[in-house]
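Protein chains: 2
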Amino acid sequence: MQYPEPIAKLIDSYMKLPGIGNKTATRLAFYTVDMNEDDVKAFSQALLATKDKLHYCSICGNLTDEDPCEICRDKTRDQTKILVVEQPKDIMVMEKVQEYRGLYHVLHGVLSPIEGKGPEDLNISSLIKRLQKNNDVQEVIVATNATPEGEATAMYLSKLIKPAGIRVTRLAHGLSVGTDIEYADEMTLFKAVQGRTEM
Amino acid sequence: MQYPEPIAKLIDSYMKLPGIGNKTATRLAFYTVDMNEDDVKAFSQALLATKDKLHYCSICGNLTDEDPCEICRDKTRDQTKILVVEQPKDIMVMEKVQEYRGLYHVLHGVLSPIEGKGPEDLNISSLIKRLQKNNDVQEVIVATNATPEGEATAMYLSKLIKPAGIRVTRLAHGLSVGTDIEYADEMTLFKAVQGRTEM
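Taken in sequence, the protein lines are chains A and B.
Heads up: the first sequence begins at 1 in full-length UniProt numbering, then just goes up one per residue.
Heads up: the second sequence begins at 1 in full-length UniProt numbering, then just goes up one per residue.
Misleading hints may appear alongside valid ones.
The list makes no distinction among identical chains, and a pair is therefore deemed to hold if it is satisfied within one copy or across any two copies.
[What the hints assert, rightly or not] Here are the simulated lysine-lysine pairs, PhoX-like style, with alpha carbons at most 20 angstroms apart: (1) K9 with K53; (2) K41 with K51; (3) K89 with K23; (4) K9 with K89; (5) K133 with K96; (6) K53 with K41; (7) K96 with K9; (8) K9 with K41; (9) K23 with K96; (10) K133 with K75.
Honestly, the hints are just simulated from the structure, not real lab data.
Build out the structure end to end from the sequences listed, making use of the hints.
Encoded structure:
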């Protein structure tokens with residue numbers, strides 16, 4: 001016996017999500033059958049809305065349902081700083097910290113020769129245009145991830161932007177707060193020693 | 001900064017699923033943004049279809065998109081046996097084993113005084129009607145789960161059906177295949193000794 005068609009299709013759809021295999025997808029599908037009808041309708045509409053209503057901000061590349069995005073429109077933010085991230089979700093993480101009140105720019109990836117991703121595949125040319133148009137920007141903070149690709153991308157941006165007389169900085173690397181030195185990996189310890197600060 | 005509204009709504013919907021918290025829901029929502037548009041549309045439609053097209057079989061209570069369900073319509077199946085399960089998904093599990101070729105009946109729950117669930121809240125009266133109408137049935141196999149509520153429900157059904165001269169059986173309890181005796185719990189071992197078979 002096969003699952004009834006609507007269930008089989010829903011299982012297929014759940015399985016397309018990351019980290020969800022056959023068993024979990026089946027469990028979720030049967031759970032969906034028993035869900036409140038309004039919740040299922042809202043879920044269905046929310047899925048379509050993410051595709052229909054969301055797009056990338058024409059200025060910074062952030063995900064938004066309006067253009068320009070909320071951050072680019074907000075003139076109370078510090079217009080002298082641009083923080084460069086790999087993905088839109090990195091912006092949300094930074095915003096939760098509430099330490100940074102400047103602008104953002106999303107690269108939508110990192111340089112990766114293995115995957116054949118060069119500078120022209122990233123949202124870099126629009127960053128350069130932004131810097132040329134807007135003389136207010138004094139600092140570009142590169143917040144790509146601490147991976148080899150992230151580091152290479154940071155280096156590339158630094159070489160590209162510094163000649164224009166704009167300060168380029170990188171987020172500090174070091175021990176996570178609450179970490180025992182005993183459990184830190186060598187590379188992190190190395191960076192923590194290099195970046196040590198006066199007390 | 002808040003998430004754009006479509007993302008926030010999708011995160012809410014994902015969080016309504018069992019075992020999915022805020023972080024996973026956020027990850028799934030951002031993943032959905034990058035998904036193939038056709039896949040998202042299919043997902044959205046599959047959700048609606050589970051609510052619109054699926055209902056319970058009027059004979060056995062199984063989930064189906066046609067009435068009666070595939071199994072109740074199949075006259076090649078053994079019409080002398082009815083296997084009673086708690087939930088529709090239990091039928092799918094039994095069918096995968098391919099040992100059983102009879103009919104099914106879904107209770108949609110178990111007797112549970114704590115949750116205030118009595119016999120009238122379960123799909124029991126339709127089982128009795130089925131047995132009265134259909135003189136072919138010679139055996140009712142009770143396959144409720146091996147929980148206190150499942151056992152109590154099995155006992156209740158047995159007392160109800162046996163006087164009609166129909167054989168009532170219960171799935172065997174014992175050690176799982178591949179289990180070390182060392183790691184089996186006491187209750188399972190007790191059942192395994194009780195149900196020992198000749199070699």
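Hint by hint, here is what the structure shows:
| no. | hint | verdict |
| --- | --- | --- |
| 1 | K9 with K53 | between (25 angstroms within a copy, 12 angstroms between copies) |
| 2 | K41 with K51 | both (16 angstroms within a copy, 9 angstroms between copies) |
| 3 | K89 with K23 | between (28 angstroms within a copy, 12 angstroms between copies) |
| 4 | K9 with K89 | between (29 angstroms within a copy, 15 angstroms between copies) |
| 5 | K133 with K96 | neither (29 angstroms within a copy, 65 angstroms between copies) |
| 6 | K53 with K41 | both (17 angstroms within a copy, 14 angstroms between copies) |
| 7 | K96 with K9 | between (37 angstroms within a copy, 18 angstroms between copies) |
| 8 | K9 with K41 | both (17 angstroms within a copy, 12 angstroms between copies) |
| 9 | K23 with K96 | between (34 angstroms within a copy, 13 angstroms between copies) |
| 10 | K133 with K75 | within (16 angstroms within a copy, 77 angstroms between copies) |
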